[in-house]
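Engineer: Here are the chains, one letter per residue:
Protein chains: 2
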Amino acid sequence: MSEQNIPYKIYLHEHEMPKQWYNMRADMKHKPAPLLNPGTLKPMTEEELSGVFCTELAKQELDDSTPYIDIPEEILKFYKMYRPSPLVRAYCLEEKLQTPAKIYYKFEGNNTSGSHKLNSAIAQAYYAKQQGLKGVTTETGAGQWGTALSMACSYFDLDCRVYMVKVSYEQKPFRREVMRTYGASVTPSPSETTEVGRRILAEHPGTTGSLGCAISEAVEAAVGTEGYRYVLGSVLNQVLLHQSVIGLETKAAMDKYEITPDIIIGCAGGGSNLGGLISPFMGEKLRGERDYRFIAVEPASCPSFTRGKFAYDFCDTGKVCPLAKMYTLGSGFIPSANHAGGLRYHGMSSVLSQLYADGMMEARAVEQTAVFDAAEQFARVEGILPAPESSHAIRAAIDEALKCRETGEEKTILFGLTGTGYFDMVAYEKYHNGEMADYIPTDEELKPGFASLPGIE
Amino acid sequence: MSEQNIPYKIYLHEHEMPKQWYNMRADMKHKPAPLLNPGTLKPMTEEELSGVFCTELAKQELDDSTPYIDIPEEILKFYKMYRPSPLVRAYCLEEKLQTPAKIYYKFEGNNTSGSHKLNSAIAQAYYAKQQGLKGVTTETGAGQWGTALSMACSYFDLDCRVYMVKVSYEQKPFRREVMRTYGASVTPSPSETTEVGRRILAEHPGTTGSLGCAISEAVEAAVGTEGYRYVLGSVLNQVLLHQSVIGLETKAAMDKYEITPDIIIGCAGGGSNLGGLISPFMGEKLRGERDYRFIAVEPASCPSFTRGKFAYDFCDTGKVCPLAKMYTLGSGFIPSANHAGGLRYHGMSSVLSQLYADGMMEARAVEQTAVFDAAEQFARVEGILPAPESSHAIRAAIDEALKCRETGEEKTILFGLTGTGYFDMVAYEKYHNGEMADYIPTDEELKPGFASLPGIE
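Protein sequence lines, in the order shown, are assigned to chains Z and V.
Note that numbering that gives the first Met the number 0 gives residue 425 to position 426 of the first sequence, counting from 1, and the numbers run on in steps of one.
Note that numbering that gives the first Met the number 0 gives residue 137 to position 138 of the second sequence, counting from 1, and the numbers run on in steps of one.
To be clear, the hints were calculated from the coordinates, so they are not data collected in a lab.
Heads up, some of the hints might be wrong.
When chains are identical, the list treats them as one kind, so a pair holds in a single copy or across two.
Below, in silico cross-link-like pairs of lysine-lysine (BS3-like), each with a Cα-Cα straight-line distance of 30 Å or less [as the list claims (entries may be wrong)]:
| no. | residue 1 | residue 2 |
| --- | --- | --- |
| 1 | Lys-133 | Lys-95 |
| 2 | Lys-41 | Lys-165 |
| 3 | Lys-128 | Lys-8 |
| 4 | Lys-402 | Lys-79 |
| 5 | Lys-165 | Lys-429 |
| 6 | Lys-95 | Lys-28 |
| 7 | Lys-41 | Lys-446 |
| 8 | Lys-255 | Lys-95 |
| 9 | Lys-95 | Lys-18 |
| 10 | Lys-8 | Lys-30 |
| 11 | Lys-429 | Lys-133 |
| 12 | Lys-402 | Lys-58 |
| 13 | Lys-76 | Lys-95 |
Using the sequences and the hints, build the whole thing.
Structural biologist: Structural data, given as structure tokens:
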């Protein structure tokens, strides 16, 4: 298609929007390793998983053979409230960089949760409601997931209990108020409300909490309360399944205008956005239909892919959750307090870990001042104030575009702009004031984390 | 058109977007009264205005006869970065209210400034750049306008100096950091950097500032600096002209799907959003082609339309600006500290004031807890966290929809959702904690404001 006919921002029509999620696992030759029961070390059964997750979600977690799964009508209806998200050609950024590369981004920040997290939150709330549950529990770090879940629960009139990492609870009171606006209860973690919280507080009295610790509390609260289940915003197979809507929309829009990306870039914490964005493209690669370069971008201060081990590990600090085989820094790993954004999880999606181990995708770690440089550069020309997490992908996209300037190649670069940074202005302020520093852990500093690995292959 | 074929969210195609602004004044039989020179009390000439404003903007300010004005190509290009904004059918709100009314809203919050203010900011920055200026000065209260202007100036590489009402500067540090991200300098007002600021500080040492005072400082800073002009985000005729893009897009989308609104509702502070939204509809009413009900909604604590006087008044506290004939509470009016959101300006657009005086539109005042009730109700079902200002319009739209429930009328209600409330969570927190109170000034309390009127008819 002639370039003049391609809109600046591509919005799919309602009838062009995906009606099914795509399950990447169905096309993987090497399936991701199963979750293990932490007691027996045997693969978790659907029945066991159903004690923690909603039954339908437990099924989705285990299903590695069905390629397409219908999106229920009520979820499609909710998606229409904020989807399709726009696929945008970054003309102004290209001009600023003087690059022959074509840069596109899929922007998932145009909803009140401020990120892509809502795509899975609404699905998980829906299945909880279907099952007749009273409510759900979860953890949140930076707060996007908690906000998304509170919005979804409010829509289905479900109770929502959020354990928020204490340092975020204190530093991001506005996120907490957004969750309260949607009727959620928010507890700083670790707390006295759970056994595991009390234990962690006794062992580390001054602790400001971690995501792994908040997960332990949320799981305990769900398992111990009648009519409640636990939900999680990343890492899990079911989450990548729901997030495939990002990639499916992107691919439909690109196919419509005959655009083919050469490089697809996403930031990676637990993998929900990256896994969702790449899904249908990776499907083509897995089936041998077409090749793409995929790049996962992670913080140098929390480098699961680039410096982690591919091994079974606990998903949480309290070791109450199943074990997952993944690239991990060890469940005992604690990211530096210096690190400003999200992407702090010690592990990584099992699906993405397997794909990385199989050489299907690349990964790179970037430092945070370079990330904020990219964020500010992007904001000034493209008008959107990006979240620090999303800015990892911007950094890599700019770097690839600059390489094209050197080589003269007209590559098409696609990246995921997962969200907005309105609640991250404290980090931006540090950056503006020159108070932001980089931190790359030494091998020595990574050792305690690895020591917490259970040693199961 | 059959209702099934109307999308849930209507996005115009690029080729359907307005290429011209609409100048409502051209169709008004009673033109708005001219600005007066505060020294001579004679109408401001283009030459006089050009000392304060960019020359092209001074022309637009005075032009009350050209109905359509071409939007320059570069502004159209910038508009494409965040426009068209969606026109959304509030199905979920209708269902919640059990109303036969059809509710639509035009959502202007999907850009980093978080509001409609960007529509005029980019136009004003463009004309400043065209004129070869170095930079512009302005004031900001809640911060939307300052953010919008800093984004626009960053795009055109203009210096941007913002005087921010001191209380907002202190309570909204995040807004300040967003402006800094876009390279603006932000000074709390009143400040020691201007003569008028020093005078006000000497007279009222503990003052937390006001919009009228920040305007005085910004004007002085512009007039006293080579290569600078002053720009304003509301009230002025030129601003309503630029904001007509909101109404033109809305009308194009409604016409495309054969939807006709019966009632059109907007919040009113200085009138920029309301004036922009109603423009093409009011044009039809002025030309006798079609009738609509228009409702301006203002805070009960700052009731310019409903309790103000229609008279000439100063636009600023320092009395350095021209006089405008408008509904006003007097330039000495200071809104209660209790009042949480924006919409704090003592006056009102001259265009809207004339239309109101001529009986072409209605106005009503609402109390703030009722406004936050509406905001939370809307957020929970429609997914968007609205700004307190925008929520005034939501309140009135809900009230009109509830009347339809009583009467059974299937009216079509359109309202302007001007922006998001991410930077207003302190106010939401007060509301959640039951610490928010209502305040309606007594007639006695309004007296000192009226006493500051210059007494010119």
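Engineer: Hint numbers the structure violates, sorted upward?
Structural biologist: When the structure is compared with the hints, numbers 2, 6, 10 and 12 turn out to be violated.
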